[in-house]
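Number of protein chains: 4
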Amino acid sequence: MGRTHSNAFLKASHFFELPFTPVLKTICSRNRERAESFAKQWGYESVETDWRKLTESRDVDLIDIASPNDTHAEIAVAAAKAGKTVMCEKPLGRNPAESEAMVKAVELAGVANTVWYNYRRIPAVSLAKQLMDEGRLGTIFHYRTKFLQDWTISSDLPQGGTALWRLDASVAGTGVTGDLLAHNIDTAMWLNGPIEEVSAMTETFIKRRKHQITGQVEPVNIDDASAFLARFQNGSLATFEATRYARGHKALYTFEINGEHASIFWDLHDLHRLEYFDHGDESLLRGWKSIHVTDGDHPYMKHWWVPGLQIGYEHSFIHQAADFLQALGEGKSASPTFREALMTDYVTDAVLQSAASRQWVKVRGR
Amino acid sequence: MGRTHSNAFLKASHFFELPFTPVLKTICSRNRERAESFAKQWGYESVETDWRKLTESRDVDLIDIASPNDTHAEIAVAAAKAGKTVMCEKPLGRNPAESEAMVKAVELAGVANTVWYNYRRIPAVSLAKQLMDEGRLGTIFHYRTKFLQDWTISSDLPQGGTALWRLDASVAGTGVTGDLLAHNIDTAMWLNGPIEEVSAMTETFIKRRKHQITGQVEPVNIDDASAFLARFQNGSLATFEATRYARGHKALYTFEINGEHASIFWDLHDLHRLEYFDHGDESLLRGWKSIHVTDGDHPYMKHWWVPGLQIGYEHSFIHQAADFLQALGEGKSASPTFREALMTDYVTDAVLQSAASRQWVKVRGR
Amino acid sequence: MGRTHSNAFLKASHFFELPFTPVLKTICSRNRERAESFAKQWGYESVETDWRKLTESRDVDLIDIASPNDTHAEIAVAAAKAGKTVMCEKPLGRNPAESEAMVKAVELAGVANTVWYNYRRIPAVSLAKQLMDEGRLGTIFHYRTKFLQDWTISSDLPQGGTALWRLDASVAGTGVTGDLLAHNIDTAMWLNGPIEEVSAMTETFIKRRKHQITGQVEPVNIDDASAFLARFQNGSLATFEATRYARGHKALYTFEINGEHASIFWDLHDLHRLEYFDHGDESLLRGWKSIHVTDGDHPYMKHWWVPGLQIGYEHSFIHQAADFLQALGEGKSASPTFREALMTDYVTDAVLQSAASRQWVKVRGR
Amino acid sequence: MGRTHSNAFLKASHFFELPFTPVLKTICSRNRERAESFAKQWGYESVETDWRKLTESRDVDLIDIASPNDTHAEIAVAAAKAGKTVMCEKPLGRNPAESEAMVKAVELAGVANTVWYNYRRIPAVSLAKQLMDEGRLGTIFHYRTKFLQDWTISSDLPQGGTALWRLDASVAGTGVTGDLLAHNIDTAMWLNGPIEEVSAMTETFIKRRKHQITGQVEPVNIDDASAFLARFQNGSLATFEATRYARGHKALYTFEINGEHASIFWDLHDLHRLEYFDHGDESLLRGWKSIHVTDGDHPYMKHWWVPGLQIGYEHSFIHQAADFLQALGEGKSASPTFREALMTDYVTDAVLQSAASRQWVKVRGR
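Residue numbers (my numbering), protein chains in the order written: chain F, 1 to 366; chain P, 367 to 732; chain Z, 733 to 1098; chain U, 1099 to 1464.
Just so you know, the hints here were simulated from the structure itself, not pulled from any lab data.
Please note that the accuracy of each hint is not assured.
[As the list claims (entries may be wrong)] In silico DSBU-like links for lysine-lysine, alpha-carbon gap of 30 angstroms or less:
1) K1400/U - K40/F
2) K668/P - K836/Z
3) K362/F - K391/P
4) K1123/U - K40/F
5) K573/P - K456/P
6) K668/P - K982/Z
7) K616/P - K129/F
8) K836/Z - K822/Z
9) K616/P - K861/Z
10) K391/P - K836/Z
[To be verified] Example chain P residues on the side facing chain F (calculated, C-beta under 7 angstroms, incomplete):
11) F507
12) H508
13) A535
14) V537
15) E569
16) T570
17) L595
18) T605
19) E607
20) A612
21) T620
22) N624
23) L650
24) W654
25) W726
26) K728
Keep in mind the model is a prediction, meaning the values are calculated, not measured.
Beta carbons are placed, not taken as given, at the ideal position from N, Cα and C, and that holds for glycine.
Work out the full structure, taking the sequences as your base and the hints as a guide.
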């Protein structure tokens, strides 16, 4: 994630007109050697191994948190207290308690803040938002989303350590629910409004794995798969599903929305396309339209290449950096703020509660 | 459905070598005029308006039930008692009680029987079954299926009467749960084994409609949409969803199965294709393969045209007729029998119970 | 082709309201045993081994020619002279001289006639015609079409005999030019008007093959691949290509038309879809639309199933039979007549001449 | 193109380990204001309005030519004479004479050189090359490629000037033949070897346009559309086509290769995918496979994100910059060199000659 964010800050100022030009001041990592190598490759001016130094530094205006989930809360709270602008990788905290503390800290300090739910700013997804906001779909009946991966199917894969902390609940908080479904939920509530209640199931297919560092075979304590039924406040019905056991899918994040007048479908594997069905079309010629979202009038695309030439995954981060810096220039935060991200954590928490209790669970804050 | 079945009986003997050549003896409809017109168009030898006459006729060996759901049980039970071979449109009865009576009748009488869950015999679906049975997918982790339509979105659409009996619960039994999800469930259990338990939600988006015959505005008593989470006996997790409110989809019946070694996807809108991902492929060249199921070694296809030339929806019925007549020649029934179809009804019943009680429900007979 | 045509005649009267109900009177084949078996399977009333008997029979009104190409001219001319209605498989003759004789015969006798260029009547192709005729595309700039197969790549495949007469020029006339490109040309001129001139190349990749009957290794005298550039009378430019050496394609017949306002694409491998791009759409939402041509207002589709349920290859023949019988009731022929099919032969002839002379060649009759 | 190249130089050193870190020294443009604005946005150290200053500068090691085609030859020759490393946008010159002079200059001076035929280094295209080089396709029968755009259809579009120099033959040299087909030809010869001879046609659909600067309505002297048949040295047959009049296509650059054992298809509109058909697959499961070229073992992809996350158009330039700098470290040029690009110019020249003479034309240098 360090590369993704660094690239975003650098490219934002090449391709967008911004009120600030970001300076890559200090890179911080517990491992000095890795930090130095990274600093050299990316042009960071200095290196730290203790993140607290950054909160104390006069040269640092903005702290961007891209470390494992178990560090988010502590760093963010300290950064906010030090009056720094704070950007944080998703999910916010490992659980609602941590997330609430983070929200409280940035709001008390009055510092600008945002969480890297980057997928909102893929142009096709932003276009979907625009179509929803214009009311093109009419009453929404259905929302259907999934995030499918297949990288943990092998029982030989260890858990824990630097590379595999996502499989360790003490670091990650949860498994696919917080790692993958959090993205689905963030996008869904942004597009379709609040979720009222959920009925969920989770599964851990491989029950025990060797720990990468200790070598001990230990119980796996994260969710490998998570699916839930939901009702939105607007009356629409939803299915959500995420797994790391869907053979053939690397990062198949999709959503489909069915409204009275039109429907939308999007897929991260072809992120530059938006599929759109408009019932208002002449009946003889109705069909799903594949919009190649690369024209100058599509969101963000006037900053890139000529029509037909696609951009990729990393550009969602560049767009978020650009929007955030733009907002900063106006003394504001760019969405999603910590508070908005907390709402997502309330849903993931309800999902895990429902899976444990086998009951429908109301989402907190609703 | 009368046309679909009549066409199936006629074409089966042209394209398959069968032990019997079906004779279209008598068409029965409450409306004599329609029956006569149909008989003329299709070459039926005679016409009846009272189905009881068929059970009494010596000339009739097989009774095929293609009338609305509220007539299935009575006709099937009488036909079985009269020693006739019985074929019945799906679902079996309007509820498990009716279905159980039907199973009991055919088993007591010892007559061959089948239910027209026709989608099993689309060549691509039969190929999926073959791959599953050969164990090509390994342990199954996920089953994901939906059946999406959009024909009842308009609030001006009336309910009831001859054309719209599917919107009247007293005739249809249920809404999309029995009409659409029954197909998904039949295929799913055929491919992936029994379903243990479900958590469901249903919705009726348009609460009141005018009745087509009486003209009275009355409450709508069927489910417009139905979705459920499920666990299969083999440990795999599933999501099922059906609706008549998914704008842009006419009959989008899809299923996807993710196994340890391979995954399968199929879609009724392109029914002649099977999508297949094999993790055993060389890593550089892994991908989803689109199999155009039109070669001579694909199920049923040696009976049709040269490779590359597709067949359609009606052929699933022709295949079922051919398989059933073939089985009859050996004194057997062809799958799915009434008993197998009853298992599907137990699942739809559990779904409706779960939606009403907001609890996970165990499937009966498990 | 006997099965395709017999099926067409039978099903046409079940699914369409026609002025005549075809009776399968006599099947004729040089091989009596095969004729009898076929008659039994399809319900033909009688069998002949000499086609001249049919031209003499009072019971026969219509003669349908589905035999190899080298028999077309002789049978058609005799049938016309005997006053029979004549239907003929494509291409008309083996060369323009034969085809001209056939046209002369039917026109002199004044008998109704048609050639089975069946692809015109696939609903998606008929819809393309409708859109073209309505001027929806505006000025046409480009036509692009191909027909790709891969069944003759193996050098072990023999040539000649009953099954492989298509590889024998003395029987077939030409290779892919007459067998495949004839379809592309017929559709192209129907949709886009006359072709003025062509520049072509052909290739025979495997130069010698064993003859299936004699066992002798002999030179291959048909074209395995054929491609040409063309200019239409309306000023549009075209590329045409056909081959039996395109690995991975069974019967990939595609065409694309680019007009000032809109573009169309169709593909036989998914024959129930038409891809349509309309530049008149709102700029933000422009894209290629995949029209599932299965709605009641699509050509021919009100005769079949509910929306979303596709038909297949054989239905193109059923539609042609229905249209022809309908036209017969009005004392007319249905398009394409022998005369129209002759125009196609003039183009294939120009293609072969151009390939031989390495020159641009004007199409005869233009 | 200035942005594309600048971005490539900057990002190459962030994502690849390189022997040199490029320094953006001087940006040169005839328009000082635009140069200064660009320098500020991208961090160039200085600005020039006369390119000769760069050839004279001691601080400049490498000159990258991204200006209109009519400037390529003069700058490249001067740069080579000054001993600079030279990179040049495609096509090399406006005609073979210019290109030959450029080749002579760099070879005489012994300076490293390359032409930005960037599409070779899209990972899916590089993967195609790898498969070809490994002989996976066997004997090649067919090559089929097109480059379709639709941006000049309006007759109101002017020609000439800064933005529209591609429509002015005196600046661009040719129309789509040199602008688009040059890409198709470069890739084709890289993958499939030399082209022997061609038969071509070209068209200028809109004959007169207003000049953007003078306002005068003048004849259009470039080719709007260009198509040709070709034979490769390896015996395979090809069709090439490019146009700016294909409604619905922004930059649809595609190629398909059919070999004895396997086939490949690629499409710039979904540049991260390679479609592959392997006849060696088990017959029951043969089909076109859609390879999502985002895995670590795919060409270039280990430098980017985790599997499933796609890169875009600009990355093809980054890869070329990285490869070129890598080669420079070893004292070599990276392919395609000026000499290789000259071979492409010989083909485009033969195409234009053939279109004018209506004859097959042998490609020079063959």
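Holds or violated: is there a CB of chain F closer than 7 angstroms to the CB of F507/P?
Interface hint status for F507/P: holds (4 angstroms vs cutoff 7 angstroms).
So, K728/P near chain F? Judge it on the closest CB pair being under 7 angstroms.
Hint violated; K728/P Cβ to chain F Cβ min 12 angstroms, cut 7 angstroms.
K362/F and K391/P: Cα distance at most 30 angstroms?
violated, 59 angstroms
Hint check: is the beta carbon of V537/P less than 7 angstroms from a beta carbon of chain F?
violated, 24 angstroms
Hey, does the W726/P contact hint survive, CB to chain F under 7 angstroms?
holds, 5 angstroms
Quick one, is the T620/P hint okay against chain F at 7 angstroms, beta carbons?
violated, 11 angstroms
Identify whether the interface hint at A612/P stands, where standing means a beta carbon of chain F within less than 7 angstroms of its own.
A612/P check passes; min Cβ-Cβ to chain F is 4 angstroms, inside 7 angstroms.
Should the hint that H508/P touches chain F count as held when the rule is a Cβ pair under 7 angstroms?
Hint on H508/P: holds, closest Cβ of chain F at ~6 angstroms, below 7 angstroms.
Hint check: K836/Z vs K822/Z, CA-CA at most 30 angstroms. Holds or violated?
Cα-Cα ~17 angstroms, so holds.
Restraint outcome when T605/P is required to lie within 7 angstroms of chain F by C-beta distance
Because about 5 angstroms separates T605/P from the closest Cβ in chain F, which is inside the 7 angstroms limit, the hint holds.
Hinted pair, alpha-carbon criterion (30 angstroms max): K391/P, K836/Z. Please report holds or violated.
At roughly 47 angstroms apart (the allowed maximum being 30 angstroms), K836/Z and K391/P break the hint.
A closest beta-carbon separation below 7 angstroms is what the hint needs, so does T570/P meet it against chain F?
Cβ of T570/P sits 11 angstroms from chain F, so the hint is violated.
Consistency note: the structure conflicts with the earlier hints numbered 2, 3, 10, 13, 14, 16, 21, 23 and 26.
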